[in-house]
Amino acid sequence: MSYMLSAYGITVGVLLFYGLSLARERARRLKATGNPSAG
Amino acid sequence: MNVALAILWKDLVSEWRSRDRVIAMLLFSTLVAVVFFFALPGLRPEELRALTPGLLWTAYLFASLLGLNRSFALELENDALAGLALAPGNRGWIFLGKATANWVLISIVQILTAGVFALFYRVDLSPALPGLAAVVGLGTVGICAAGTLLAAMAVRTGFREVLLPILLLPALFPILAGAVEGSLAALAGNPVPFNALQLLIVIDGVYLIVAFLGFDYVLDE
Amino acid sequence: MNESKPMASNSENSIPSRLEAQSARWRRPLGMALGVLCIVYGWAVVSAPIDSSQGVIQKILYIHPPLAYGAYLGFIITGFAGVVFLVRGREDLDRLAIASAEVGVIFCTLMLVTGPIWARGTWGVWWSWDARLTVTLLLWFVYLAYLLLRSFSGRNPRTARFAAVYGVVGLVLIPLNYYVIEIFGSRSMHPENLERGSLGDGMGLPFLLGNLTLALAFFYLVLLRWQVESERALDDAIDTDGAHREGQAMRRGQSPGPPDAAEESPEEMTR
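Sequence order for the protein chains is V, G and C.
The opening position of the first sequence corresponds to residue 1 in the working numbering, with each subsequent residue numbered one higher.
The opening position of the second sequence corresponds to residue 1 in the working numbering, with each subsequent residue numbered one higher.
The opening position of the third sequence corresponds to residue 1 in the working numbering, with each subsequent residue numbered one higher.
Among the hints, erroneous ones may be present.
Claimed, not checked - Here chain C is said to cover these stretches of chain G; the calculated rule only asks that three of the stretch's residues, wherever they fall, bring their Cβ under 8 Å from a Cβ of chain C:
no.: 1; segment: 131-143
no.: 2; segment: 155-163
As the list claims (entries may be wrong) - Residues from chain C that keep clear of chain V, each with C-beta distances beyond 10 Å, as calculated:
no.: 3; residue: Asn-13
no.: 4; residue: Gln-22
no.: 5; residue: Ser-52
no.: 6; residue: Lys-59
no.: 7; residue: Leu-67
no.: 8; residue: Gly-89
no.: 9; residue: Arg-90
no.: 10; residue: Leu-110
no.: 11; residue: Ser-151
no.: 12; residue: Phe-152
no.: 13; residue: Leu-171
no.: 14; residue: Tyr-178
no.: 15; residue: Tyr-179
no.: 16; residue: Leu-208
no.: 17; residue: Tyr-220
no.: 18; residue: Arg-225
Said to hold, decoys possible - Simulated restraints on C-beta separations:
no.: 19; chain 1: C; residue 1: Pro-175; chain 2: G; residue 2: Arg-49; range: 31 to 41 Å
no.: 20; chain 1: G; residue 1: Arg-49; chain 2: C; residue 2: Pro-157; range: 45 to 55 Å
no.: 21; chain 1: G; residue 1: Arg-122; chain 2: V; residue 2: Tyr-18; range: 35 to 45 Å
no.: 22; chain 1: V; residue 1: Phe-17; chain 2: G; residue 2: Phe-38; range: 13 to 23 Å
no.: 23; chain 1: G; residue 1: Val-202; chain 2: C; residue 2: Gly-204; range: 32 to 42 Å
no.: 24; chain 1: G; residue 1: Ala-39; chain 2: C; residue 2: Gly-204; range: 13 to 23 Å
no.: 25; chain 1: G; residue 1: Phe-38; chain 2: V; residue 2: Tyr-18; range: 10 to 20 Å
no.: 26; chain 1: G; residue 1: Ser-14; chain 2: C; residue 2: Val-87; range: 47 to 57 Å
no.: 27; chain 1: G; residue 1: Leu-129; chain 2: C; residue 2: Gly-204; range: 30 to 40 Å
The hints are simulated quantities; they were obtained by calculation from the structure and are not laboratory data.
Quick reminder that beta carbons are idealized off the backbone N, C-alpha and C, glycines included.
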């Protein structure tokens with residue numbers, strides 16, 4: 001049981017973490033300039 | 001085509017004058033053979049003989065990495081890469097010249113290394129010679145094709161000595177698989193299995209084409 | 001001096017390009033579909049029947065093979081996008097290649113993590129050199145080499161070209177490795193019963209949902225990463241312009257003016 005949970009947990013966790021860190025980078029850029037495509 | 005021959009000649013002549021690459025590669029291979037002796041203590045002679053193809057190819061791989069690393073180093077040091085890029089015609093011919101020069105030099109080292117192995121591990125190579133020569137020759141074509149292309153890239157980036165093995169070794173695993181298989185058969189006195197030769201020929205062809213076409217983009221500056 | 005029109009998406013080489021702008025529009029709906037699908041998928045996995053021989057751990061079937069899509073598709077996209085970039089100079093496709101490589105290596109790593117977990121739980125060993133696991137491992141090395149090549153060389157056009165060439169090498173390597181391992185025998189411990197027909201009762205739906213969900217997740221993450229890459233590229237372009245402006249001003253003997261030309265709105269940048 002724990003094997004299965006760790007497999008799913010790691011997969012979901014890593015993918016979520018990756019997606020969220022990308023989203024956070026975009027949000028930071030947006031907040032800094034009010035423009036999503038400027039730095 | 002003339003460009004290829006010109007570069008081949010230039011590389012071989014400059015190597016003949018200094019002989020530094022061949023000597024370094026040979027010394028390295030010999031050291032590797034000794035490393036294996038210490039790394040695998042207590043093996044009976046027949047066990048060692050069974051491992052010989054694998055060990056031999058390991059030594060070949062590492063020596064090739066050494067030699068390939070240096071194949072563009074001379075050009076880099078003398079700022080000659082731009083000049084090379086300006087040579088007339090398809091840059092693929094430059095690749096062919098360089099790769100052939102590498103093949104000749106590495107083959108020389110391989111022959112001598114095989115002698116060293118025969119000496120250290122008391123293996124009689126003479127019955128195996130034709131089959132072994134074919135396998136090693138074919139395998140080395142692939143190594144030089146991929147290796148020359150990737151060395152040209154690695155030499156222009158940071159960490160070049162570390163980068164070349166990282167880039168090249170994954171590309172060499174198929175060659176290694178076929179070559180060891182073929183060498184095993186040759187050393188056992190059997191004819192080299194056709195599928196091993198076929199694999200090596202296919203890989204060689206593919207790598208030669210990719211490298212010939214890709215060299216244009218690699219030397220592009 | 002400034003030829004890039006950051007906000008106009010009407011040319012292939014502007015940032016973002018028309019292709020990137022169009023693809024970005026798919027991301028939102030894809031994300032929403034993904035969210036819904038995750039819930040359905042989760043429910044399906046939980047309510048799937050427990051395998052009689054392997055036990056609960058068999059449910060890894062619904063997540064491990066689907067990861068293969070991302071792992072292999074990722075490199076295929078990277079390879080082909082790189083080729084078009086080389087031949088046509090499409091920088092937006094080079095950005096896609098980066099995105100696909102990054103997402104792909106993550107899926108590949110997850111395959112190499114969930115695979116051994118499953119192996120340990122069922123066959124008792126963490127690793128075996130069977131065909132599929134070995135080829136996945138080799139693919140992983142190719143990915144890492146590609147990414148290391150890019151990171152060791154910095155962000156410049158030459159790096160992109162080299163990476164694209166290596167992408168072709170890697171692309172060729174994948175079928176080659178399969179071929180090699182097929183020929184030279186694989187001590188296969190992989191269950192061969194993954195074809196739909198031989199899945200047990202009640203396993204078809206979660207398996208299908210797993211494939212669908214992870215495929216969508218892959219495309220979503222690639223689109224997201226692609227968008228981020230074009231934003232980073234835009235930053236670079238603006239920064240270079242800003243530095244360029246300062247240099248010009250200094251050469252004219254003037255003070256450099258506002259040190260952050262990058263804070264001008266993009267419309268002003270286009271003269």
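Violations among the numbered hints
The structure conflicts with hints 1, 6, 7, 10, 17, 18, 21, 22, 24, 25, 26 and 27, although it agrees with all the remaining ones.
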